[in-house]
Amino acid sequence: MIWHDLRDSHDSELDALAERYHLHPLHIEDCRHRNQRAKVEDGEGYLFVVLKPAHINRAGELEITDFDLFLGRDYLITVQEGECPSLRTNIDKLHASVDRSRPDQLFYKIIDAAVDAYAPVLDWYNEAIDEIEDKVLEKPAPDTVQRIFDLKRGLIELRRILTNMRDVASHLQREETDLIQRDLVPFLRDVYDHVARAVETVEMHRDLLAGAMDIYLSSVSNRTNQVMKVLTVLGTIALPSIVISGFYGMNTKDLPWIESPHATIVAASLMVITTAGLLAVLKKFDWF
Amino acid sequence: MIWHDLRDSHDSELDALAERYHLHPLHIEDCRHRNQRAKVEDGEGYLFVVLKPAHINRAGELEITDFDLFLGRDYLITVQEGECPSLRTNIDKLHASVDRSRPDQLFYKIIDAAVDAYAPVLDWYNEAIDEIEDKVLEKPAPDTVQRIFDLKRGLIELRRILTNMRDVASHLQREETDLIQRDLVPFLRDVYDHVARAVETVEMHRDLLAGAMDIYLSSVSNRTNQVMKVLTVLGTIALPSIVISGFYGMNTKDLPWIESPHATIVAASLMVITTAGLLAVLKKFDWF
Amino acid sequence: MIWHDLRDSHDSELDALAERYHLHPLHIEDCRHRNQRAKVEDGEGYLFVVLKPAHINRAGELEITDFDLFLGRDYLITVQEGECPSLRTNIDKLHASVDRSRPDQLFYKIIDAAVDAYAPVLDWYNEAIDEIEDKVLEKPAPDTVQRIFDLKRGLIELRRILTNMRDVASHLQREETDLIQRDLVPFLRDVYDHVARAVETVEMHRDLLAGAMDIYLSSVSNRTNQVMKVLTVLGTIALPSIVISGFYGMNTKDLPWIESPHATIVAASLMVITTAGLLAVLKKFDWF
Amino acid sequence: MIWHDLRDSHDSELDALAERYHLHPLHIEDCRHRNQRAKVEDGEGYLFVVLKPAHINRAGELEITDFDLFLGRDYLITVQEGECPSLRTNIDKLHASVDRSRPDQLFYKIIDAAVDAYAPVLDWYNEAIDEIEDKVLEKPAPDTVQRIFDLKRGLIELRRILTNMRDVASHLQREETDLIQRDLVPFLRDVYDHVARAVETVEMHRDLLAGAMDIYLSSVSNRTNQVMKVLTVLGTIALPSIVISGFYGMNTKDLPWIESPHATIVAASLMVITTAGLLAVLKKFDWF
Amino acid sequence: MIWHDLRDSHDSELDALAERYHLHPLHIEDCRHRNQRAKVEDGEGYLFVVLKPAHINRAGELEITDFDLFLGRDYLITVQEGECPSLRTNIDKLHASVDRSRPDQLFYKIIDAAVDAYAPVLDWYNEAIDEIEDKVLEKPAPDTVQRIFDLKRGLIELRRILTNMRDVASHLQREETDLIQRDLVPFLRDVYDHVARAVETVEMHRDLLAGAMDIYLSSVSNRTNQVMKVLTVLGTIALPSIVISGFYGMNTKDLPWIESPHATIVAASLMVITTAGLLAVLKKFDWF
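So the sequences go chain by chain: B, H, S, W and R. Using this note's numbering, you'd call the opening residue of the first sequence number 1 and step up by one each time. Using this note's numbering, you'd call the opening residue of the second sequence number 1 and step up by one each time. Using this note's numbering, you'd call the opening residue of the third sequence number 1 and step up by one each time. Using this note's numbering, you'd call the opening residue of the fourth sequence number 1 and step up by one each time. Using this note's numbering, you'd call the opening residue of the fifth sequence number 1 and step up by one each time.
Calculated from the structure, these hints are not laboratory results. Certain hints may be false.
Stated by the list, open to error - Away from chain W, derived, C-beta distances all over 12 Å, residues of chain S:
#1 Glu29
#2 Lys39
#3 Gly60
#4 Ile148
#5 Asp150
#6 Arg166
#7 Glu176
Unchecked claim - Coverage of chain W stretches by chain R, computed from C-beta distances (three or more under 8 Å per stretch; other residues unrestricted):
#8 144-156
#9 205-217
#10 220-230
#11 260-269
The C-beta atom is built at its ideal place from N, Cα and C for all residues, glycine as well.
Produce the complete structure using the sequences and hints provided.
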């Protein structure tokens, strides 16, 4: 068997292969325009599959690329659009075993490698969400919202491509074609299981993120509540003193005890007592 | 083949064509009342399709028009209701190739053009949402909510017509009719893929808008929180001074140190110390 | 053909007709108890349909009535339960054409009239929602929430009956019965299209109402925010003056510059300067 | 025919009947463990049905019981687990007509009675929600939330059992068994209709409760908003007076007009004028 | 029959069994990598089932393990991955009855035991939610949110595995295989019923948790509202006193009644009267 492993979809070799194997022009076009949906299509004498491998790039962003396969009776063409490092590493290892494999076996191994490449992405999200949860409880800040939003955006996209990938896996497993031999079916079912689990994990991540956002919002309300309490406690402490000292600050003539040498002590005691009384009331209503 | 490209649905030519090709009166009526749903219907000897092209008009609003097709064995009738500039440009270009095309090929090309016309609309929404996201984080204002709401309204409508268009594409791809030859099936599948991707994009846009609204709301809460803090800090700074100066403003006779020439300094120091103490406490609880 | 157009379901004529045409007792019972679901049921030799026409009554409330049809080979019985003015007007017009119509044609026309009667209801909701949106942005008040809630309640009910009506239309279009001739199928499909569009419109209205509620809530938060700002600005202006005048109100002997004839001007300048300084800081943080 | 109407599922008679009619041990076990799901199961020569009648008990709580039926060719066994008063009353009435009924007719009447027993439950919820809505608008209090939550809890449970009951009704209507004669089908369809309407009503109730919660929350925000306004208005009235009187309370020597006999009037006028001015500004911004 | 009850999936005995019974390498791999989805797969001459038993561990956390079964014609292999105490106890009891059972009977009993093991988990959640509800109403604190979130996380996971378990049960019940004899079908349907009820219970728990979160949030808003009221009442009591005493504290000469010996009483009365008046107004607006 022959494996044509093209790393650039604009390579003229693709045109040569298209002619040699009678590949449909629309499929060639699909290879050259990124942002296809993951899909399986029957060509004449071959099967055309678009995969959507994903990885987290150096800037900490989700990057989704396209990876196309043409499975023929005695050949396999793979076209890489965009670089997914973890998939590339796995594919490079497969070159060693090409001679001993059938095309459909190699085809399965590459799809399996693409699906395996989702695992580090999911782990990365797992960690990012754990981090967010800690942050949201300990020190919620406006940029946390931005972070939650960015993660959510990534998960929305990831969910979209994984759902399509699951359709692809389900399709392949049930495909009635003589290009894929029967002994591969359990393996394709295994791929389906992997993708289905990945979809479930993404769903769970989304639920957790929504929960983190809820915690954030409730913690902002809580903090406002705390601030209000502090303000009120301050007011409680100060107001009696202000009222009483204002009273004794009046320039009227008949202030009670004003002539007594203990007037200040009386006033100060009044201040302390009323403040203590108010604080006791607040305490009783569970404010501290 | 003959292509009747009517630009006005109230043109009397449509009546003539209806008679000549035995078009069903309900289909003619559909052409003349806008706001149909996108759909495919079998007529006697022809296929009737309603498309819903969309564009963003000069006022920056989503405008949805109707575009009807009758595909017969040797003719194609297109009826435009309302002006969609990007679709019109594409259709005008097709006139050059009419002679060499089969009716079903032209039919596909027009549907493809209508679907292509969604791309600039989606791009416009993409940009509008990016803009909103920046605004919501930097300078949230009440009119941002209005904007979010307007965009949401547009996306709701867009989603509705795209879902129907997806049904149309899916229907056409599976239609068992001899009006469409088999070699067009991969092309119709391609159209389906395009619309399906557009639906997914709109869904994602809606999720992003909902996220932007969440950020807006959380940023309003945050700002209230900030305002409260400032108010409390101000109170914290002022209250001890007010209490102490009130105390020394009393007209009682036994104020402590009142006769001392350093009483003011003592009082002022007390003010500064208590204020500093309170600020230190707030600092400790992470308020700055 | 004979059309029995009963306007009162408790009319004894219904019993006579039931006996004459062998109508099932359960169907007669359905006619006499309002609040049925819209449905199609096969009787022996006839088709029983319950429609749910709706209108907005004078009090501005959604009113839903029942309208029952029995379609036989050579007769049509319609039973009105409750008054729907717009449907009644349309039905009265049909009496003129009874003689020339087949029973199934009349049957279609009545169903079409019932579906047409939804249009003014939807328009009414459209206007009501537009009004709410304006109000919510300009002058949100607690009674707006009540209004939103009332409209929502109506839309929930409307959605419920329209969904059932859509099932009825879909059922009729696919019904394998010789009571309805084949040439009516495109017309019944048209009815289905109308109802389906009405359902979509109601869904959109619900989304818009939810959006209006969001705007309302965000505008209340915003106003609280505004009030807090005003309060804080007031505090900012007053507090320095209070602190400084309190300081100079103390009865201590060593107040700085107290003997100077310009002490007041010094104090007043201090007040103005600190207040201006604080306002400048708030300005810098975008509070005005 | 024989009707065995057991009122205690632990009655040893059930064991005797199980042996006599060869009832499956799992079905007998189901009768003796409450909290089954509503379901229909085929036994050998009989049909086993679990119903879930519901009522509101004296404490004003939803109580759900189990009621099991075995329909054989010439017998009917009913097993009551837990007391549902309204169902029991209806069943007791049926004893009079046993002799003249076929087993399947009695079977239908009992199911119909169980479904009828939901009506007072739904009415109770209807009233409870109306009450909540009034309360939430007039005098929202924290215990309203608790009440909303309790009602919601009940509706969640009710929805769950009604959905299962709907499946049972739909199953019975389509069941291909010679135990139920064809003439009962319209009646079973009628039962299905009843349950389906009940499900729709519960859904509507849930929507209404969610709306009531929204109103509650928005009215709490509104009240906070009101409180803030009062606080700010109070501040507005008091602050100018405090600042001005503080100014004239200073012990400095060069206070303006301090020697004039009209200084107090000047100061008081200043207080009134600034306060009035501030109130006018607030008025302009729609605060009253 | 032979039952191989392996308690360690890395036991080399598993390899021996795999060779002896021709078990598929992928199935052996599945046994050795935890975190599979619950599933049923057909092998050659055997049925492979992955169960997901769950329990609450000592730290009060949900722990989900894997449990694999291979059902052959005359053998049963069970492989335990991770320890689920309640399941283990049930399985150990089954060893006594191995000799008298058919493989499929034992197979059913083990699945039944795994499903029974969910009951204490659901009870634990039930209690935890009841506790949270009480807490949220009596003494809402930020750690309550954390607790709600943790419970929600567990329920999300539990729901995920139960949904898959339900698919497994539904699959087994309909499986067309001669490995399971017909008399087991009612028992497998019973298992399905159990899992379906468990799924419904988890759904209800999620709804209740969401409700608890709503109560929490509304109670935080309520408390803020209360704090604001206290602050405003304090202000109401203090402000008139401050304004009046400030007025009489002015050093101007023409203060009204300043020379009267009853000026203080006049001022004090004014303070009391205005404060009482304001409190009366607040009372009227339902603030206490």
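Against the structure, the hints:
no., hint, result
1, Glu29, "violated, 8 Å"
2, Lys39, "violated, 7 Å"
3, Gly60, "holds, 18 Å"
4, Ile148, "violated, 8 Å"
5, Asp150, "violated, 10 Å"
6, Arg166, "holds, 14 Å"
7, Glu176, "holds, 17 Å"
8, 144-156, "holds (count 6)"
9, 205-217, "holds (count 3)"
10, 220-230, "holds (count 7)"
11, 260-269, "holds (count 8)"
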